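A.B. asks: Each protein sequence line maps, in turn, to chains U and B.
Using my numbering, you'd call the opening residue of the first sequence number 9 and step up by one each time.
Using my numbering, you'd call the opening residue of the second sequence number 43 and step up by one each time.
Among the hints, a few may not be true.
Lysine to any residue pairs mimicking SDA-like chemistry, simulated, CA-CA at most 20 Å apart [claimed, not checked]:
1. U:LYS130 with B:ASP238
2. U:LYS96 with U:ILE142
3. U:LYS207 with B:ALA237
4. B:LYS162 with B:ILE223
5. U:LYS130 with B:TYR370
6. U:LYS117 with U:ASN85
7. U:LYS134 with B:LYS162
8. U:LYS198 with B:GLY328
9. U:LYS129 with B:LYS65
10. U:LYS129 with U:LYS96
11. U:LYS198 with B:GLU105
12. U:LYS198 with B:ASN199
13. B:LYS162 with U:ASN85
14. U:LYS130 with B:ASN329
15. U:LYS198 with B:ASP106
16. U:LYS198 with B:TYR370
17. U:LYS135 with U:LEU150
18. B:LYS65 with B:THR332
Think of the hints as simulated: they come from the structure by calculation, not from any bench.
Please read these numbers as outputs of a predicted model, since none were measured by experiment.
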Amino acid sequence: MLNIALGKGRLAEITLKKLNDIDIKFTEYSSKSRKLIFNDENHRMKLVFVKASDVGIYVERGACDLGVVGKDTIMENEPDVYEMMDLKFGRCKFAVAAPIDFNKESYEKIRVATKYPNVAKKHFEKKGVPIEIIKINGSVELAPLMGLADVIVDIVETGTTLKENGLVVIEEISQVSARLIVNKVSLKTKRDEILTIIKALNSEGGAL
Amino acid sequence: MVNKRKFTPEGVEDINAIQYEKKEWIQLKIKEVFKRFGYKQILTPTFEYYDLFSEIDSAIDTEDMYKLIDASGKILVLRPDVTIPIARMAATKYKSINENLKFMYFTSVFRSSDFRAGGKREFVQAGVEYLGNSNPEADAEVIVTAINSLTHMGFENIHIDIGQTDYFKGIMNEIEIAPEIKNSIRQLIENKNFADLGILLDSLDIESTYKDLLMEVPYLYGDFEEIAQRANQRAMNDTMKKSAKNLLEIHKIIDAYGYKKYVFADLGLINHLDYYSGMIFKGYVGNFGTPILSGGRYDDLFKKFGKEVPAIGFGMNVDAMLEAAHQYEFIKEVEEEKDYLLLYDDLHCQVALRKSMELRASGYVVETERVNSREVVDDDFHDGAGYKKIMAVFGNEITEVKKK
């Protein structure tokens, strides 16, 4: 029996569809259900819904064997897990965005608003640019508009939200997509079960 | 400011009597096994000079060490690791390490790890260091010691992964790329991150044979003989061939001990490459989510102290072991009842107290209590909770008081 951790939302919906294709069916589940734990028909897998940013810790500590989580969350929290597969859905990218009139040269220390302080810090450290981080929990686009920050670091899918708020991407940091993460002990002690899942997900392959 | 007087800091804890007894039982079991393999217990100081640790590329980041400043301004650290101080001690206190030295330790280790994730900042580590023997026999014996200490406690579902750092180093020696990139490759392999490893390797200007091999390394885990043979076939130079051969040799000896069923190969096990030189291993039990022990060969460490001494060892986290033992419910039940309660009045004080010493000399746990008169005992004085036997000393005879 494998435990899998998912964050509610689009990644979970796609993952469940993929699991369904390989005959792991959670018939009780519906997106409106408030239940957080589900067993599949044949009792091969237990599904638990946690906050997306908590998937990593559930898998790292072995409460769950597997998890599906965005690369953005992995980069921010850096859980100690095997990151075994790029599931190739949930694609977007990490980017630095700023108001159109932002002048890169005009600031000594850039103020960066972000939900991802660790990612932002590492990115600018690598470039050798001094910054001040302002941790924001939502609607990051607002921060430069209201003068709280100079730029933002966030995930960007289509860029529509940025555009509507008068921001442009000035730099791409990295690509983001959903990843299958595996507990480091589970891969060894439940090797066959896990490899079966990985192989099945792999053969499905491709983007959705 | 909240007054913290009633709290302990995050990452450290009080240990109550029941927990303590269980923890001691676990250490006792481990110690029995270590002793049988000829190890002698030693202890190094709780704090040492920062320089000892900062100048060695060890498993611990200097950021994770607890620093203190002493009266003369020197920087000290709370013991963040046990192996390095033991190496210092062996290198400086033992004039010649001609014969093999076998040390064991049971001690607290302090690290400012990520306690938000439930990590401990103070934990007890048990382990051995086997100095002076570079033969695969020593490697195998140390692994068998580790497994045996787990089986002796009662663990059944034991899984030991064995790797060889020279295999990866052998590949890396062939390619000329920046150290930061080598480090990224190492991390991606260690995390079995196939997707990003592929992307990174594709962006590098190196021969495709090396790319293919590096892509294969994270898959080189599982059945020992199969993997070691495959590693041997794919080896491109002497260093790699030798490391694969070394694994097979060690495996053969472990097999001779009858412990083959516990060990597996994992050539993607390549953490702390600057520290380890040769065979490294990690141990897991059942479904417990984190490794429970780790170790390996560190022949280069003694060079920092101006000596040439081959060395191998491992450490196990006693706190994690306790948690895992609870999960499998084989831990010894703690005896909560005491053996005797002796009740006596003023007149029979001497008889009672001497009797209590006799009983203690025979190994019983005894409590004594002075009461006012016999009547108290006849009435509902004691319900007997917490004691196996209650005795009354109110005359020349000692009588057992019935429990309610």
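A.B. asks: The structure should be examined with respect to each hint, and the outcome stated for every one.
C.D. replies: Cross-check of the supplied hints:
1. U:LYS130 with B:ASP238: It holds: about 18 Å lies between the C-alpha atoms, which stays within 20 Å.
2. U:LYS96 with U:ILE142: violated, 31 Å
3. U:LYS207 with B:ALA237: Holds, because 14 Å separates the two Cα atoms, which is no more than 20 Å.
4. B:LYS162 with B:ILE223: Violated, at roughly 32 Å.
5. U:LYS130 with B:TYR370: violated, 41 Å
6. U:LYS117 with U:ASN85: violated, 25 Å
7. U:LYS134 with B:LYS162: At roughly 30 Å apart (the allowed maximum being 20 Å), LYS162 of chain B and LYS134 of chain U break the hint.
8. U:LYS198 with B:GLY328: Given that 20 Å is the threshold and the Cα spacing comes to 10 Å, the pair holds.
9. U:LYS129 with B:LYS65: The hint is violated at about 41 Å.
10. U:LYS129 with U:LYS96: At roughly 26 Å apart (the allowed maximum being 20 Å), LYS96 of chain U and LYS129 of chain U break the hint.
11. U:LYS198 with B:GLU105: violated, 35 Å
12. U:LYS198 with B:ASN199: holds, 12 Å
13. B:LYS162 with U:ASN85: The given pair, whose Cα atoms are some 18 Å apart, holds under the 20 Å limit.
14. U:LYS130 with B:ASN329: violated, 34 Å
15. U:LYS198 with B:ASP106: violated, 32 Å
16. U:LYS198 with B:TYR370: Distance ~17 Å between LYS198 of chain U and TYR370 of chain B Cα, so the pair holds.
17. U:LYS135 with U:LEU150: Violated, at about 25 Å.
18. B:LYS65 with B:THR332: holds, 19 Å
Of the numbered hints listed earlier, those contradicted by the structure are 2, 4, 5, 6, 7, 9, 10, 11, 14, 15 and 17.
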